[in-house]
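Sequence lines, in order, name chains X and G.
The opening position of the first sequence corresponds to residue 1401 in my numbering, with each subsequent residue numbered one higher.
The opening position of the second sequence corresponds to residue 60 in my numbering, with each subsequent residue numbered one higher.
Calculated directly from the structure, the hints in this document are not laboratory data.
Each residue gets a CB set at the ideal place from its N, CA and C atoms; glycine is no exception.
One should not assume that every hint holds.
Capping the alpha-carbon separation at 25 angstroms, the derived lysine-lysine pairs in DSS-like fashion look like this [unchecked claim]: (1) G/K164 <-> G/K180; (2) G/K163 <-> X/K1574; (3) G/K163 <-> G/K105; (4) X/K1574 <-> G/K285; (5) G/K285 <-> G/K148; (6) G/K146 <-> G/K285.
Far from chain X by the CB rule (all over 10 angstroms, computed), these chain G residues [said to hold, decoys possible]: (7) E100; (8) P104; (9) K105; (10) A113; (11) A134; (12) G171; (13) K175; (14) P200; (15) D209; (16) L274.
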Amino acid sequence: MTSIADRLSGPSAAAAPTPAAETVAAASTAAAGITAAPAAAAPAKAASPAITFPAVGERELRLDLFRGLALWLIFIDHLPPNLLTWFTIRNYGFSDATEIFIFISGYTAAFVYGRAMQDAGFIVATARILRRVWQIYVAHVFLFTIFLAEISYVATSFENPLYTEEMGIMDFLKQPDVTIVQALILRFRPVNMDVLPLYIVLMLFLPLILWLMRWRPDVTLGLSVVLYAVTWELDLYLTAYPNGFWAFNPFAWQLLFVFGAWCALGGAQRMARIINSPITLGLCVAYLVAAFCVTLTWYIPQLGHLMPRRIEQWMYPIDKTDLDVLRFAHFLALAALTVHYLRKDWPLLKSPWLRPLIVCGQHSLEIFCLGVFLAFAGHFVLAEVSGGAMMHAVISLCGILVMWGVASLISWYKREADKGAARKGVRSNADLAGGG
Amino acid sequence: MKSVSWLRFGIAALAISLAASARAEDAPQNCEVPAYLLTTESSLPKVADAVKNARTLDILVVGSRSSSIVSTSDAAAYPARLQAALKDKLPAVTVNLTVELQPKKTAEEIAGNLVKLVEGKRPNLVIWQTGTVDAMRSIDPDEFRQAVDDGVATLQKAGADVVLMNLQYSPRTETLISVPPYVDNMRVVAQQRDIPLFDRFAIMRQWNEQGDFDLFNPTHGVELAKQVHDCLGRALSKFIIDAAHLGPAQQN
Chain X
1401 MTSIADRLSG
1411 PSAAAAPTPA
1421 AETVAAASTA
1431 AAGITAAPAA
1441 AAPAKAASPA
1451 ITFPAVGERE
1461 LRLDLFRGLA
1471 LWLIFIDHLP
1481 PNLLTWFTIR
1491 NYGFSDATEI
1501 FIFISGYTAA
1511 FVYGRAMQDA
1521 GFIVATARIL
1531 RRVWQIYVAH
1541 VFLFTIFLAE
1551 ISYVATSFEN
1561 PLYTEEMGIM
1571 DFLKQPDVTI
1581 VQALILRFRP
1591 VNMDVLPLYI
1601 VLMLFLPLIL
1611 WLMRWRPDVT
1621 LGLSVVLYAV
1631 TWELDLYLTA
1641 YPNGFWAFNP
1651 FAWQLLFVFG
1661 AWCALGGAQR
1671 MARIINSPIT
1681 LGLCVAYLVA
1691 AFCVTLTWYI
1701 PQLGHLMPRR
1711 IEQWMYPIDK
1721 TDLDVLRFAH
1731 FLALAALTVH
1741 YLRKDWPLLK
1751 SPWLRPLIVC
1761 GQHSLEIFCL
1771 GVFLAFAGHF
1781 VLAEVSGGAM
1791 MHAVISLCGI
1801 LVMWGVASLI
1811 SWYKREADKG
1821 AARKGVRSNA
1831 DLAGGG
Chain G
60 MKSVSWLRFG
70 IAALAISLAA
80 SARAEDAPQN
90 CEVPAYLLTT
100 ESSLPKVADA
110 VKNARTLDIL
120 VVGSRSSSIV
130 STSDAAAYPA
140 RLQAALKDKL
150 PAVTVNLTVE
160 LQPKKTAEEI
170 AGNLVKLVEG
180 KRPNLVIWQT
190 GTVDAMRSID
200 PDEFRQAVDD
210 GVATLQKAGA
220 DVVLMNLQYS
230 PRTETLISVP
240 PYVDNMRVVA
250 QQRDIPLFDR
260 FAIMRQWNEQ
270 GDFDLFNPTH
280 GVELAKQVHD
290 CLGRALSKFI
300 IDAAHLGPAQ
310 QN
């Protein structure tokens, strides 16, 4: 089993859960040493022992790192396949960057808004969550507008007889009224624009999830698993426009989100022993290796005959829409190994080499949207300037550089803005929630 | 002064584009397909049988709009090119080929219709090109798989070998049509039914990446489409000959 989180709060907080009321620590970016003191001083006798918030002091860079990584990988996966595609994890196993993104989003959202719920109550926390949902929604609509412009251009300028059939997909442009309204109610989503609607729906239910988590975290996780199972059993889904269904089924993907939230709210600590047991680690490694071998047969078809037919029939298709159990398990195995081997105090986390990833992960909503836009732009450039493999790789690299640049710019701005705010003694940690 | 240099530039550009188009027209298009895309573990016993014993091969192509360029009786589209290539490679065999275009029909709609299509024709081989319409309408991939599976079963029951052909690689519509679920599910059916799958998607993508064809090209002309279909027809002929294990002996 897993979590990026077991070591989130550091060893001292794990030993003595910090009562949630001590969130004052949020006021400073203090070093871990300072936050460890109250944790040791006050063993948990607080009102709600079920939930513990790790001390805030230091930002968990591993979350930022992997969210940044997920953003880069999503961007690369959205471009036509090229050299860099070989670096994306979906080539080496069942799960891909989407799993990482949704899990970390659940984790950070629960972390930030769970604390808000503890401090300010259900209503205020809900209001803050809804404000966040609104931001994501606006971002989605903004991206849709750009997408519409690009598609309209292609539809009017592209008439290759080879693709007469495929161009029929542009027919929706003949009914802009319907299309735009359907996009506004999240039913019309072009390919590559599926993650934000999923995220919007998951965030809408976050107040409920957090409220349940405060009551009984394990029961909440259990309910989530039940919903997942029911989804598979009864084939629940949301329909899309003009036909079809949501490419990421929220009824299934909520499992990852809720699991992330559960980990953030103390589940990870309780699981630490399981995660670190050699048996678990061995199983994880075995599963990852097996998954890797299976993926090899996709890319080297000559190996296909080595796969037993019976396993193939049982395994395929590995369903992304409904978050196949194999994918979920693959993510868990990856996460467990990551958390075990990549410690919170890993020195490289502070090195300039990982800085680009971390800084992107810290502004995930902005960078995610930018990534989707850059993927559109990349498609567009590739279409206009025909280029070979090199051109593809160059475009991917440029996109990543732009993401890094913009993230750094936002960081700089936030730092400057925070300097002003710090004088008044206010510091919001909403950026930790990051939209991620 | 300025206008002169523009003129010169225009002439140079014209010359270059003329040279480029001339090159595209005369030399036979280079469209190598890596061997792994043209090999299959599944075989085509009925095709082998027809070629060895009857010396005639009846092929039926069932496809959507992308199995043609302009119209059904299209000598430049891949079915006709396949026929020509097979005749070329199997000179002693009579190759008959008919095309049943079913534009805008999903796999499910076609599967229900297949009995009628093969009736009377009794083809040895049916090449079923499908997936595009389903992908464009975002049909539930599970239902799509079921429909393809039913269709293949029908064809096999009717005594024909089946080759599945998947979607075209269409980079311009990549952000609009989600192709992978349909490609994957066709592969699953091919595996389960033990029939060859002609991976048109991977092959065309390969061509685009190798630079054989620029499939992003917004050309209005029909030349590119003709070349691509010619190459597809030839690749398909190799694929079929390989899957039917037609050695050099039968080829003469």
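Starting from the hint list further up, note which numbers the structure goes against and sort them upward.
3, 4, 7, 14, 16
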